[in-house]
Amino acid sequence: MPSEPATSLLIFLAVAQATAAGMLVAARLLRVRARAPARLKDTTYECGETATGVTWVRFHARYYVVALFFVIFDLEAVFLLPWALGARDLGPGGFVAVAGFVGVLMLGWFWALRKGSLRWQ
Amino acid sequence: MSVPSEHLFVLAAVLFAIGAAGFFLRRNLIVVLMCVELMLNAANLSFLAASRMHALAAGSPGLSLEGPTFAIFVIVVAAIEAAVGLALVIALYRNRQTVSLDALTDLKD
Amino acid sequence: MPPWIQVFALELAVTATALVVLVCDALRPCRARTLAWFSVAALATALCTSFVVEPAGTAPHGVYAAGPWSLFFERLFLAAGILGVLGSLDWLESRVARRPAEYLFLMLMSLVGAMLLAGARDWVLLVVAFELMGIPLYVLAAYAKLDGPPGEPQLAAEAALKLYVTGAASTALTLFGLALVIGAGGSSSLAGLASPDVAPLASAGMLLVLAGFGFKLGAVPFHMWVPDTYQGAPTPFVAFLSVAPKAGGLVALVVVLLHGWPRHHELWAPALGVIAAASMVVGNLFALPQRDARRLLGYSGVAQMGYVLVAVCARSESGVAMALFFLVSYVFTNFGVFLVLHAAAENSGGHALDQITGLSRRSPWLGAALLLFVLSLAGIPFAVGFWAKLFVLLAAFEAGLVGLVVTGVVLSVVALFYYLSVARSTFMADGRSAEPVRAGLALRAAISLCLAAVLGLGLWPGPLLAQARLAAAAFGGGP
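Protein chains in written order, with numbering that gives the first Met the number 0: chain A, 0 to 120; chain B, 0 to 108; chain C, 0 to 478.
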């Protein structure tokens with residue numbers, strides 16, 4: 000006999016599976032069939048916006064540059080979060096340290112700005 | 000309810016093994032980079048698992064500080080490595096129009 | 000300003016230099032020459048200051064210990080940085096004039112990482128410093144991705160990727176191993192693994208960490224990237240790559256093994272011995288058939304790392320001192336060799352051995368310098384490399400590592416063949432052209448510095464030996 004939490008986990012899994020399967024089966028039974036193959040059915044959005052092109056295109060390299068900067072700057076927040084949690088206990092010393100860190104980071108941002116890496120065109 | 004620490008370590012080891020296997024077997028550089036990320040995240044998981052294990056042994060509910068600290072630095076190292084790696088892959092692609100490891104054959108004995 | 004900040008004084012100075020270079024160039028694009036001479040002046044000032052005011056003390060939580068040990072390496076890396084910038088200057092200006100500031104910034108930051116390694120006493124600092132040293136190198140290797148000698152394919156991207164892929168894997172390996180070790184010890188202090196008998200999981204972790212460092216050192220069986228990267232990356236950068244990160248990897252290894260895990264030597268010492276022996280064997284034998292001078296020197300570097308690992312295997316204070324002496328000798332000699340090659344190749348268009356023929360006729364000065372450096376690498380008296388090899392093997396002999404000593408001696412005889420083949424091709428008569436070789440002022444200055452060091456330390460090894468012993472003693476008895 001498995002332990003109590005394991006049982007509830009199994010029940011949860013079973014219910015989740017049954018719900019998903021049930022929805023699919025119900026949709027199959029209740030759906031309205033198109034009488035003839037319609038071109039509309041094959042479009043990206045069956046109703047609403049008309050798609051203006053295909054998604055299978057090459058993205059411009061500048062998306063990559065922006066993504067790169069986003070990843071780097073976004074990750075620095077990882078260091079700010081623990082400091083923010085303990086900011087009161089760390090006092091002014093902690094603030095100065097974090098300010099120095101952000102300051103150096105801003106130098107990097109300044110460099111990227113001046114070198115035109117953040118310019119879209 | 001609590002998951003035994005061993006399970007976390009086993010999960011980390013399995014993740015690391017999958018990453019290592021992919022690193023050696025796959026030829027697409029992007030996939031190789033993903034495998035390295037997988038290995039690094041396995042390291043993260045075991046840092047946290049070890050930290051939790053020590054905290055549990057000491058009877059405190061949270062994590063001991065070493066694990067999460069290390070994990071934060073690993074996350075950043077991993078991100079920077081990925082950024083540099085992708086840039087290098089792009090440089091290679093512009094030279095050779097391929098991202099396959101098999102294309103790296105100009106330098107050999 | 001907290002009082003402990005002065006223990007990082009030199010690192011902070013180099014970081015500030017790097018930032019000034021980067022920001023000045025961003026404000027108003029500067030010439031490569033200006034930025035490089037500024038960096039050299041800053042590094043030289045830091046180096047001179049370090050002889051006047053010696054940083055000492057520990058950082059909070061014991062994460063960093065400054066003293067003669069860390070100072071020895073900081074000075075070595077500062078010297079390597081000066082040589083690196085001087086050696087790259089002319090190339091930087093003529094080939095990649097568009098982005099000189101970023102090149103210098105990356106090189107200086109890599110230097111900061113290396114400088115932090117010796118004093119690190121905490122795993123977090125050690126790993127971050129190691130990555131700070133390593134990641135800029137990936138970028139630098141691909142710096143001139145479209146540059147290359149005429150007729151050759153553009154190799155830099157491939158060289159950089161080979162460095163990157165092995166480097167990234169070694170980082171992952173180190174970190175996963177570290178997770179197991181720290182998990183067992185419960186403390187991120189380097190010496191946190193207190194009990195001498197550890198769980199199997201932790202011992203597996205220690206071997207993984209060792210393997211990770213082996214990659215960075217380029218020791219066998221993790222040496223695959225070395226010859227490829229040396230051949231493909233820009234030569235002035237390879238000169239830097241072949242010394243600074245290797246010295247950094249070695250000091251990290253020494254700190255980890257001899258400060259962190261001295262009580263676990265039964266576990267790592269045999270593995271290290273095998274790695275050292277294999278590096279000497281594979282490096283020396285694979286260097287024999289090489290026709291490209293940079294590949295040859297790559298394998299020679301693998302072999303040299305084997306020798307210095309022999310000194311670490313001795314696990315004694317004198318062994319560490321001899322490893323330090325060896326590293327200094329290796330830094331100046333290898334830098335010199337690569338820079339002379341660079342000067343020759345800039346004029347003859349390639350690094351193959353038959354392309355540097357007649358160098359001694361075209362430039363007697365460069366030819367003589369190359370000969371001296373090669374003899375020093377081979378360990379011929381009385382170049383500094385002779386003392387380095389001798390001291391290392393003596394230390395290993397004192398520690399009873401007879402097998403490793405015999406391997407080392409036999410293989411240095413083998414090494415004579417390929418080192419002398421480099422020297423011979425230099426002096427061979429039929430050079431392709433008889434034009435004199437031109438080298439810029441900075442390059443000549445860097446080669447002269449290396450030459451002076453190799454000659455000077457070869458004739459008076461005493462003072463350096465005393466410094467190395469002092470540093471090793473401080474390391475052994477330090478925190």
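There could be a bad hint or two in this list.
DEER-style ranges, computed between Cβ atoms [to be verified]:
hint: 1; chain 1: B; residue 1: H6; chain 2: C; residue 2: A190; range: 53 to 59 Å
hint: 2; chain 1: A; residue 1: F100; chain 2: C; residue 2: S447; range: 48 to 54 Å
hint: 3; chain 1: A; residue 1: A83; chain 2: C; residue 2: P462; range: 50 to 56 Å
hint: 4; chain 1: C; residue 1: P363; chain 2: B; residue 2: A16; range: 33 to 39 Å
hint: 5; chain 1: A; residue 1: E75; chain 2: C; residue 2: P462; range: 44 to 50 Å
hint: 6; chain 1: C; residue 1: S93; chain 2: A; residue 2: R113; range: 21 to 27 Å
Since the hints were derived computationally from the structure, they do not count as laboratory data.
Please read all numbers here as calculations on a predicted model, not as lab measurements.
Even for Gly, the Cβ is constructed at its ideal location relative to N, Cα and C.
Subject >> Non-conforming hints, listed in increasing numerical order >> reply: Hints 1, 2, 4 contradicted; others consistent.
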